[in-house]
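**Q** As a plain string of letters, each chain reads:
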Amino acid sequence: MNYTFFSEFLMVTNYMTLISIAILIGMFFVINKLSKKIKFNKLMILSIVLGIGLGVLVHAIAGFPEDPTKVTWLTEVSKWYGLFGYGFMDLLKMLVVPLVFVSIVRVIMNLKQGENLGKLTGKTIVMLLGTTAIAAIIGIVVGNLFNLGVGHEAIVKSGEIREVTPIVDTIRGLLPSNPVNAMAQANVVAVVIFAGFLGIAVKRLNKKYSEIIKPFVDLVEAFYKIIISVSITVIKLMPYAVVALMATTIIDRGVTSILDVMDFIIALYVSVAIMFIVHLVIITLSGVNPIKYLKNVSKPLILAFTSRSSLGTLPVTIETLTDNVKVDQGIASFVGSLGSNMGMNGCAGIYPALMAITVANMSGTPMNFSFYIMLLIVITISSLGIAGIPGTATMSVSVVISGMGMGAYFPLLGGILAIDPILDMGRTMLNVNGTMASAIAVASSLDKIEKDKIS
Amino acid sequence: MNYTFFSEFLMVTNYMTLISIAILIGMFFVINKLSKKIKFNKLMILSIVLGIGLGVLVHAIAGFPEDPTKVTWLTEVSKWYGLFGYGFMDLLKMLVVPLVFVSIVRVIMNLKQGENLGKLTGKTIVMLLGTTAIAAIIGIVVGNLFNLGVGHEAIVKSGEIREVTPIVDTIRGLLPSNPVNAMAQANVVAVVIFAGFLGIAVKRLNKKYSEIIKPFVDLVEAFYKIIISVSITVIKLMPYAVVALMATTIIDRGVTSILDVMDFIIALYVSVAIMFIVHLVIITLSGVNPIKYLKNVSKPLILAFTSRSSLGTLPVTIETLTDNVKVDQGIASFVGSLGSNMGMNGCAGIYPALMAITVANMSGTPMNFSFYIMLLIVITISSLGIAGIPGTATMSVSVVISGMGMGAYFPLLGGILAIDPILDMGRTMLNVNGTMASAIAVASSLDKIEKDKIS
Amino acid sequence: MNYTFFSEFLMVTNYMTLISIAILIGMFFVINKLSKKIKFNKLMILSIVLGIGLGVLVHAIAGFPEDPTKVTWLTEVSKWYGLFGYGFMDLLKMLVVPLVFVSIVRVIMNLKQGENLGKLTGKTIVMLLGTTAIAAIIGIVVGNLFNLGVGHEAIVKSGEIREVTPIVDTIRGLLPSNPVNAMAQANVVAVVIFAGFLGIAVKRLNKKYSEIIKPFVDLVEAFYKIIISVSITVIKLMPYAVVALMATTIIDRGVTSILDVMDFIIALYVSVAIMFIVHLVIITLSGVNPIKYLKNVSKPLILAFTSRSSLGTLPVTIETLTDNVKVDQGIASFVGSLGSNMGMNGCAGIYPALMAITVANMSGTPMNFSFYIMLLIVITISSLGIAGIPGTATMSVSVVISGMGMGAYFPLLGGILAIDPILDMGRTMLNVNGTMASAIAVASSLDKIEKDKIS
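Chains as they are written, first to last, in our numbering: chain A, 1 to 455; chain B, 1 to 455; chain C, 1 to 455.
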């Protein structure tokens, strides 16, 4: 009688798996102890350190294998760690649809006389696309400074061109032809549009029929209060999830595969750092002290970094903008919701720019000024067009590379795609920071932020 | 460096595409200007004219190609025009599920003592199926007068028999085994049934527990008010959409392909016209002045004609019946919701009748009195059975042709199917008119229409 | 002209089909007459008898064919009977998602000070898994007493190993990453978790913000009242459905195929009977008179038996526990919802145990004490792991057989799987009884049952 199958079902075929799980649970106890003594922000940073340490430790025990996916117990550990990490992200994602729906209805129905929805939408889109364009420029410059792809020239005989959805179809796909289905598919833009229509109707009816629609208005306020309370409950679990998420990311990648594309990783993080400084400049110009800002936003930045999900981070982003950065709740929800779907500075700005430079160098495509201008336009437009599509970053690269007529060379990028999560961490953090910077700029221009109350 | 891919992504590979889009936008400005000066109904008719003109113009520029799908820039123009036209339909469809749900709950919970839900349902189904049967008779007669299919006799060796879902499975599929899923799938009949159960329960509980259930009742009233308000907002955009929809339909078909089956097109529109007169007779017998009726219903008829979607037109149908024809809102919602799913006079009555005559002539199937009686029964029963299935008309033809034992000859109809949208416009308009006539007849028999208030 | 296709569309190709449908409708009239004279419970038992009689009668007319699926009109009769039987189950299932959602929110938000949600959850899971373990022991003992599989030894050359989802993935799948999608997919555990979070938030907010969240609280109470009222309406149709369900089950199976595996059927029902007695012991130990219990629970047991759906029976289970067994509504909803998804005594306890013994005997796998202990652990753990997966029983057997290293012998069980519905009736009834026994035990330990009020 062999028990192999049962242990496969349990995903524990090796005692190393059990030990690794035990270590993680031990760390949970440590965090639980510490959570009563040290501040949340410090606990979060400690969690990252613990997570990295745990990941490296497990990898070390396995003897730093080149391809960790071939070591069965490592994949098991990754699965079990992922249960805690991604399970937490599931709970956060659970809040996205109700939170977006209810807070968008609420912000619009509560817009005061004279406040203009069109102006808010316009400013938001300009900020999101504008920062993406700046990010693309930074990516182009850094990519050239690092000479990305030079020395890896290759000839591709027959490249596979990925099919790209035309922008018309993408826009159609964002329209809410059925609000319940849009919610079930977590199509955030469609939910925003539907909620927007409801909010506008409530605002208009409030003049003459405020008695009749009051039950709806009150319910929105009640449900908003409840969903925010649920968010706070879930967010308290974040330090535990961060350990697991960080460790999983490290366990899943081999150290050697990272070294191969080190120059690309460094180029990406340098670009991210520069763009981060640009965000701080925007924030400063909006009248907010950047030091105070940094003190207050570690929660969403750390979660975005470790979870690599802009959408999953959204409840935390909104909460932080509202409670800590004192942005008006409506603006925070509005810019946050749109920003988690379009104009992502990292995924749709810096990353495709770096990739395009790399491919151009690899394939010997000549780059001149018109190439750069074209690239900038392609990146900015497609950052709008791919809104809400899953796997944004890869899709974005695919659209941009093909848009520049280099689609045949896409397979050259395999080595970089293999270590994608390492890059995704920085990218996603920058997306979220860009959204927050945009929210502050928009809120500041509409005088909807209490700058003096930020502590 | 080639930019082909990028322009494909944007769906603008030819300057003609850009010019065509510019002309459409120019027309939008014209409509916008006019909208302040002339009445909505006149504006709608003008939009149709503008749309046809635009479609013919674009086609003329392309040199009236036989197969427009092979001219790349025509397909692009069609896509871009479609974005405006079908995007508008998406917004209307967005309202279908909430509108149907909330208005059915409302109509049933507000039924007064002594009013009978069973009677209402019975009358509605009788009217819908009855008019479909009449439509089928008209189709049979006209089809024979026009000798449809004679002269196109053909021998089919091995026909492909389309699989048809048995009626039992169709009925099962309409039952709401999960209300949220029914809503997400826009299964209107299932939503009606679920809403009906809720409405009945509210009505019963209202006697003893009115205090407890009051929050639900009030919320339904509030949400109903809001959804109606959203409908009105969206409907205001209709003239713009109609231009785009009309132009798209014309651009997508070649002129030659239309001439090929001109006799069928004429036969269909003659049948539609006759049935339309039958509807006016029904309306007159119900005590409503048919001239006044016609004055008031142009909105849903024009939208149905241009959009070719009974379901998408539903919010407009309900609004028109209620506001302009003064039918009780409950009856309007109820008959409208069911009528957009079963007993479609055009799609499931006239059209399959004409097609059956055509196929019988083409295939040399002898037609006698028993054939006609059988055809009538098959059409009427299947008009119930295919309720809620997408692509109603084609499905209906498939069921009827197969039901008459001529399934093997289905491929003969290819030429007619190619120009389907041209036929679909008339069919869909007739569906909606049949629904409105049925609603008026039902409302009149229950004394739920204020005939003297119709202006 | 042949009308074959049309009659296939109607699923009436033989006059026997029509006669059989007529007999069923005749029985409906009899039940309708009787429903005014005799009590509901007696009517239910009569319905079973009528259903069995009808099934045997139809089978007799067909000459007791070995494979009923090859007699076209029998399959048609089965489809039509199924329309009534399973159509009713659809209506019951329609209530599952709203009922579970609203009653879980309600039970948790109404938990009194000092009552502990964690304790309730813990006790529920212990009871559900504990009874499953006992059920497995009974299955192992009975299976050995009956020498199941002895005499059917066979050699399998290359068995097909069914792929089993690892437990980690199953647990992830139960988390509600999108509440609307969870509802659309009828993922009950996910709905319970989401509702639980909302309930906890409401409970916490009630201290300081009771005014703001009152509209939500009142709406939950109103909607709960309405959904319960709808349940009562639907449940009144049960006797009709039971006739149809029972007859369908018999018509679908051949008599000879039943005789082949008679020993397995008897062993299963003997085990079910023993476990049923264990449940009565648990109920007695919880302080409830088992005779009174039996008098009150016929409704859910009969429905579970005939419908073979634990989930579909859930609304009836909750209603019976609350109204007749006087269990607190919150506990009834909570234990009922979880119990229809995990710790199913019949499907995940007795059945896989019997199957494992059968396979071991057939394949000559030696059984010793360690085998039995292992089997017990595998069954209990997997009864948790397969929660919410459709086709629970077959999945459960597959996991357990594979978990015991006998996956290659799975095809040996074909004869038993062929008559699965016969077994499923007893299994499902036991699942529901186990859930009710667990609910009583949990309620009793928390003093949330009014034992003296049970009539």
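These are computed hints drawn from the structure, not numbers from a lab. Treat the hints loosely; a few may be bogus.
All copies of an identical chain are treated as equivalent in the list; a pair is satisfied when it fits inside any one copy or across any two copies.
Keeping only pairs whose Cα atoms sit at most 25 Å apart, straight-line, the calculated DSS-like set for lysine-lysine is [said to hold, decoys possible]:
| id | residue 1 | residue 2 |
| --- | --- | --- |
| 1 | K225 | K203 |
| 2 | K119 | K33 |
| 3 | K203 | K214 |
| 4 | K236 | K119 |
| 5 | K236 | K225 |
| 6 | K42 | K236 |
| 7 | K119 | K36 |
| 8 | K208 | K326 |
| 9 | K236 | K207 |
| 10 | K225 | K214 |
| 11 | K453 | K208 |
| 12 | K451 | K208 |
**Q** Indicate, hint by hint, whether the structure satisfies it.
**A** So, going through the hints one by one against the coordinates:
For a Cα distance limit of 25 Å, the shortest separation of K225 from K203 qualifies both inside one copy, at 20 Å, and across copies, at 12 Å. Proximity of K119 to K33 under the C-alpha cut-off of 25 Å is restricted to the inter-copy arrangement: shortest distance 23 Å between copies versus 49 Å within a copy. Taking the shortest Cα distances, K203 and K214 sit within 25 Å of each other both inside one copy (11 Å) and across copies (22 Å). Taking identical chains as interchangeable, the C-alpha atoms of K236 and K119 lie at most 25 Å apart only when they sit on different chains, with a minimum of 21 Å there against 36 Å within one chain.
Taking the closest pair of Cα atoms, K236 and K225 come within 25 Å of each other only inside a single copy of the chain (17 Å); across copies the shortest separation is 34 Å, beyond that limit. Proximity of K42 and K236 under a CA criterion of 25 Å is satisfied intra-copy only: 14 Å inside one chain copy versus 54 Å between copies. For the homomeric pair K119 and K36, the shortest alpha-carbon distance between copies (24 Å) is at most 25 Å, but the shortest distance inside one copy (45 Å) is not. Proximity of K208 to K326 under the C-alpha cut-off of 25 Å is restricted to the inter-copy arrangement: shortest distance 22 Å between copies versus 33 Å within a copy.
Taking identical chains as interchangeable, the C-alpha atoms of K236 and K207 lie at most 25 Å apart only when they sit on different chains, with a minimum of 20 Å there against 41 Å within one chain. Proximity of K225 and K214 under a CA criterion of 25 Å is satisfied in both settings, with 17 Å inside one chain copy and 11 Å between copies. When the C-alpha separation of K453 and K208 is checked against a cutoff of 25 Å, the pair qualifies only between copies, where the shortest distance is 24 Å, while the shortest distance within a copy is 37 Å. Neither within a single protomer nor between protomers do K451 and K208 lie at most 25 Å apart by alpha-carbon distance, with minima of 36 Å and 28 Å respectively.
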